[in-house]
Amino acid sequence: MTPIRKLAIVVGVQVLILLSVLGFKQYTIWTGETVVLAVAPVDPRDLIRGDYMTVQYDISTLDPDKLAGDEYPSDRVYVELRESEGGTWDAVAIHDGRERSFDDTVLLKGDMKYRSFRNGDELTVDYGIEEIFIPEGSGSQLPFGDGHTVAVEVKVDRFGNAVPRRFLVDGEPFELERR
Amino acid sequence: MTDTDGMEEREYRERLAHDVARWQREGLISNEQERGIMARIGAGEPRLVGALRLGWLVSAVALIGAIVLAAGVVLLFAANWQAMPDGFRAALPFLGMFTAYGIGYALMFRYDMQRIGSAFLLLGALLFESGLFLLAQIYNMPVESPALWLLATAGLLPLAYLFESRIVLLLAIANATSWVIAEMVTRYQDSLESLSALVVVAVFGVALYAIGRLHVLRTSLARYGDVYAFSGLLVLLGLVYVFTFDEPWREIIDSSVESFAAPRIVYVAIGLTAALVAAQWWLRERSTEVHIETAAQGALLALAAIVATWPAWAGYAVLFNGVYFAIAAGLVTYGYLRGDERYINFGLTVVGVGLLTRYVDVFWSLLAGSAFFMVGGVLLLAVAFGVERGRRGLIATMNDDDAPPPAHPVGSEVPV
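Those protein sequence lines, which keep their order, are chains A and B.
Reminder that position 94 of the first sequence reads as 94 in my numbering, one-by-one numbering, no gaps.
Add 179 to the 1-based position in the second sequence for my numbering, that's all there is to it.
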């Protein structure tokens with residue numbers, strides 16, 4: 001095999017891998033439904049990739065007694081979301097598979113991390129969108145706890161995959177600035 | 180003479196120039212003999228000898244340059260990341276890769292500058308990997324996502340094999356190891372199973388070693404064998420080292436981890452690795468050395484299964500200290516039998532690290548600060564003296580006429 005063919009194979013494989021990451025997430029953004037999820041923050045720092053914020057959504061902990069769907073879901077769950085009057089989306093049902101209990105809802109895929117019975121029945125679900133990259137040193141700009149509602153706008157495709165897009169404060173986009 | 184022949188001839192002369200200098204330093208040959216050998220390969224003048232011996236420096240400087248340049252590019256992107264439009268950010272990794280690979284290819288195949296060209300290929304590989312993580316950042320993928328390490332490995336392996344780059348292979352193996360660790364940590368995070376799942380990392384080390392031995396069976400792949408074997412040993416020893424301490428076992432006992440609670444993946448990993456070990460044993464020429472090596476790998480896998488199944492036992496720390504030093508002794512013996520100084524030095528380093536750790540572990544709280552360092556210093560000097568005496572003795576034995584023929588020349592370069 002000639003060196004140029006070898007290089008073509010190497011570059012081809014690597015480009016394909018990069019495009020697969022790009023395409024997989026871009027598909028969700030292009031085709032996904034927009035939902036808004038209310039959050040409460042935790043703020044660590046990742047040395048390799050700059051600043052990011054680990055957020056806990058209101059739907060990260062669920063009370064299965066208050067939800068429709070499966071009472072004892074398995075590890076992979078689909079949480080059914082419906083828009084509330086305040087504009088954020090709340091969990092209304094939880095399922096083992098991609099099925100719905102209500103109309104006008106969106107299914108968000110997640111992994112059940114724990115089931116605790118300490119404070120009643122409580123499920124902790126990880127959706128893979130809990131880490132959000134932010135400009136360096138901008139974590140403190142979000143007005144948590146000042147009477148404001150902080151939320152994250154998320155795109156969710158028909159398979160339940162999600163990509164967080166931006167922060168919203170009181171329903172309006174909030175631009176974080178580097179310090 | 181073809182390009183490949185010319186390349187091999189050059190590599191041979193450069194290697195010989197290094198070896199001859201080493202033999203002269205060790206007193207194996209005289210100054211006159213050194214000059215005679217160098218004149219025989221056309222390097223009679225001192226400046227030509229110097230030029231031949233500086234080849235490694237060019238490689239080292241170029242490789243460091245590639246790594247530093249990649250780090251600089253990543254930092255530049257990271258510093259201005261938020262100011263760039265999404266489309267431009269997405270295009271950057273591709274542009275960086277294409278440029279580095281283009282320059283590397285031109286240097287290697289148009290201008291016959293293998294060493295600098297290889298460094299640019301490494302730069303391309305590093306930019307591919309950083310591009311992968313930067314793209315993931317655009318889409319807010321979780322930072323500990325194991326899939327990214329696996330994708331990086333898949334992208335690097337073709338480059339390592341098609342362009343015969345051992346340093347890129349090492350990078351790919353490092354990524355694969357990170358994938359295994361990340362997969363186990365995220366899958367069993369904060370669960371009692373997580374401690375048993377760590378056994379998979381040690382098993383992966385054994386698998387890498389067996390893969391290395393399988394590579395040696397094919398002439399075209401033999402040059403990668405040592406990279407796998409050394410990487411496997413490092414991964415295995417890294418985990419065995421952690422297991423030589425009391426703390427992990429005390430934590431397991433305190434956490435009430437039950438027997439037979441290990442996740443299924445542990446046994447699947449052990450089974451697959453056992454198949455690899457059996458395959459390398461079956462395909463290699465039968466010898467006492469191969470039998471012992473295979474038995475050692477089998478014993479490690481059996482121990483992994485026992486630890487995963489019955490993890491709550493305080494005696495494991497002592498047992499793993501035995502395993503740690505047994506592996507070190509095995510490395511020294513293997514190096515001696517094969518006439519390969521690298522294994523001897525590696526084994527002795529492992530012994531040194533093990534002894535130092537146990538010294539700190541035992542005496543840190545027993546001795547006053549000054550006494551701790553003084554006694555430690557004296558012990559280290561004594562150990563270094565003993566190790567060096569033993570090492571020189573072993574190397575001298577290797578050079579005897581009746582010693583077994585070396586598989587790798589003594590003093591050959593580290594396999595990366």
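Since the hints were made in silico from the structure, they are not lab data.
Just to be clear, a hint being listed does not mean it is correct.
Dumping the calculated EDC-like pairs for lysine to aspartate or glutamate here, alpha-carbon to alpha-carbon at most 16 Å [said to hold, decoys possible]: (1) A:109 x A:170; (2) A:109 x A:130; (3) A:6 x B:343; (4) A:113 x B:362; (5) A:66 x A:130; (6) A:109 x A:157.
Examples of chain A residues lying across from chain B (beta carbon under 10 Å, computed) [unchecked claim]: (7) 3; (8) 5; (9) 6; (10) 7; (11) 14; (12) 16; (13) 26; (14) 142; (15) 145; (16) 163.
For every residue, glycine included, the Cβ atom is placed at its ideal position computed from N, Cα and C.
Quiz item: Which of the numbered hints are not met once you compare them with the structure shown?
Solution: 1, 5, 14 and 15
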